[in-house]
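Residue numbers (the working numbering), protein chains in the order written: chain A, 1 to 174; chain H, 1 to 173; chain U, 1 to 375.
In case anyone wonders, no lab produced these hints; they're calculated from the structure. Fair warning: there could be bad hints in the mix.
Said to hold, decoys possible - Below, simulated BS3-like cross-link-like pairs (lysine-lysine); rule was C-alpha separation at most 25 Å, straight line:
| no. | chain 1 | residue 1 | chain 2 | residue 2 |
| --- | --- | --- | --- | --- |
| 1 | A | Lys107 | U | Lys330 |
| 2 | U | Lys330 | A | Lys86 |
| 3 | A | Lys164 | A | Lys86 |
| 4 | H | Lys106 | H | Lys96 |
| 5 | U | Lys18 | H | Lys96 |
| 6 | A | Lys75 | U | Lys330 |
| 7 | A | Lys24 | A | Lys86 |
| 8 | A | Lys86 | A | Lys33 |
| 9 | U | Lys286 | A | Lys164 |
| 10 | U | Lys330 | A | Lys164 |
| 11 | A | Lys86 | A | Lys67 |
| 12 | U | Lys286 | U | Lys189 |
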Amino acid sequence: MAEAHSPRESRHVGTEAIVPLSEKAQALQTLVKEAFAEFSHEVGASLDLVQVTVAPDMLVPLCQTAKDDPRLDFKLILLLTAVDYKDRFQMVYHLQSLTREWTLVVKADLPYEDPHVPSVTSVWRGADWYEREMHELFGVVFDGHPNLAPLLLWEGFEGYPGRKSYPFYDYQEW
Amino acid sequence: MTSNVGNTPSPSLFDRAAPGILVARAEDVFAMARKSSLWALSFGLACCAIEMMSAYMAHHDLDRFGVVTLPSPAPRQADLMIVAGTVVRKMADPIKLLYAQMPEPKWVIAMGSCATNGGPYYRSYSVVMGVDHIIPVDVYVPGCPPRPEALLQGIITLQEKIMRDARNRGRSA
Amino acid sequence: MAEPTRQDLDELETVEIKVNMGPQHPSTHGVFRMVLTIDGEKIVDCVPHIGYLHRGSEKVAEGEQFHQVVTLFDRLDYLANFNNELVYCMAVEKVMGLQAPERAQYIRVLLSELQRIASHFLLVSSFGLDTGALTPGLYAFRGRERILMLFEAVSGARMMHNYFHIGGVKDDLPEDFDKRLGELLPILKFDIEECDKLLSFNEVFLARTRGVGVIDTATAIDYGMTGCGLRATGLAYDVRKAQPYSSYEKFDFDIPTGQHGDCWDRYWMRVQEMYQSLRIVEQAWKQMPKGPVNAIGRRLLRPPKGEAYVRAENPRGEIGVYLVTDGTDKPYRLKVRPPSYCNLVALQHMLKNQYLADCVVIFGSLDIVLGEVDR
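My request is simple: use the sequences and hints to build the entire structure.
Now the structure itself:
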């Protein structure tokens, strides 16, 4: 896949990256289908990581099972983020197990108008600041979070700058 | 050669040429004293602070210009504020407070392109495009980050400015 | 007047004071504000306030083309420039299904490890300054300057390099690189040993850092702590060994672990990591293959629609980049998992029931870079 440097071509459109799941990831996929059976979810893949899509109200029980189940052992929360897809918000959670060495992606879709999702701070204490940041940048409300005060922006800031509808700063020379 | 008893130094060339009394303008003498011992407020905000630290340390030594090695932590005893790094709107009020706490005469160096005019964050919603929107700046040092030698050049320029301003009784136009 | 009895002292009314360690403070390593509630000398509670350097890099990145975003990543964790560029380039390469050529991967590893040594030099310097040791700071910066001069020869800049490009690196190494690196490595080993001897087993340093700010493994994982802080508690976890990237599996190095999880252990991890990084640099230099250094060259990139999550080991911990693309020439969503942000959440836990004088030492041992915390 490595080609020599060729300065003549001016565009490069990447090929579709179809990455087959490794054996370990396939084992995780079967395990996850069985362990989360009562949470009405769908299991798929996101490039080379196993992905689970779930409804927002089933999120906390699913995360608790992921952490407590000794076969899964997802004790570390890597990332908690919100993506603005213009017609909906998608919450993406990346979980990591340090002992079993696998990563799981959990996704939950929220409506654009009034995004509410239960907080996972009861499961992992480290999710505290991630949720505060997503709240002030995107306006997603986390039910059950102990302290949803602004973290990064100053007092009196209006608007949600992470959203696509928030414009870039219009730089003016003076 | 001469009878030097103990620690008596031999008379220097200066003593032989102009013995005893030296006449100069007061402003020049004060300006020379002020420029030779600029105490800088330790105010590194972002990446430029690391180059500022490099400028303080042994390789590029700011101490030989009078800017002391361990920068002054308190604004009340500083006369130079080197704003090194991006100025964010949340930080604007503390900067104003710090500038107000410094006693006169005081000078400000805006180090780096973020402090000069916003730098690479010109599209950002939370960056103040240049610290001169908040406080008056004397010397701008461009670069991202400027080399420690560039900061040294900025301090030398400031020292020349202090000598020049002595003729105009303080701030230049 | 009678001597005050134990009973008198117990009935004494005390008040808790709120102390503000403001955004401008010599020991906060940047613009960080803590509001401490103290009872006498003991800290009861700590509320950190961040955001004084929030530049909105993630939003700005949505308005820049893929190659331009590398410069933003340089400035995130401004002490680990090459490491940040590496993780971003790997994320875009993963979405596109590209693999950087082997020579480029070896160059990336070599420069990333040298950057790790330079970053830890700065930690030794500032941690020493926090505890009151002024001399190791000057010696550590001398070592750091040598490395930065080598970086200048390779990429043109001492700090913000913009040298790792998507698909490889920008240009090949300069012709005198072998000579420069050959002269640098023994001097660097001597510099590291000198800083080590000056500070590590100094009586005053040990008294100030041993047993201070202890955290155990389970709590650290729950808070999301990674990197040297986690390894100091006893768990030998390093992303370079667990999920090797960019040909790290070809190099032979050890992972140091600590025993107590206190400030001294965290510092000692970093010093040992400097020696291990030197080993990796030597191996990468000796085994570097010949070949092209960039798979695609400088072109306008339009990666296919998709998303990717990439992990790497920064000097501060585990960094992650989550990239969502939609087929245009700008990223759709770029989220960074900064290691210092996650380590900082554990600060509130570590500061409970510590003395006020230890608060600076604990904060310094976490090795926070505010550019990364606030992005």
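Verification of the supplied hints:
1. A:Lys107 - U:Lys330: holds, 23 Å
2. U:Lys330 - A:Lys86: holds, 16 Å
3. A:Lys164 - A:Lys86: Measuring from Cα to Cα gives roughly 7 Å; hence the hint holds.
4. H:Lys106 - H:Lys96: The hint holds at about 13 Å.
5. U:Lys18 - H:Lys96: Judged against 25 Å, a Cα distance of about 23 Å means the pair holds.
6. A:Lys75 - U:Lys330: violated, 34 Å
7. A:Lys24 - A:Lys86: Violated, at roughly 35 Å.
8. A:Lys86 - A:Lys33: violated, 30 Å
9. U:Lys286 - A:Lys164: violated, 48 Å
10. U:Lys330 - A:Lys164: holds, 13 Å
11. A:Lys86 - A:Lys67: Given that 25 Å is the threshold and the Cα spacing comes to 32 Å, the pair is violated.
12. U:Lys286 - U:Lys189: holds, 17 Å
Consistency with the previously given hints fails for numbers 6, 7, 8, 9, 11, ordered from lowest to highest.
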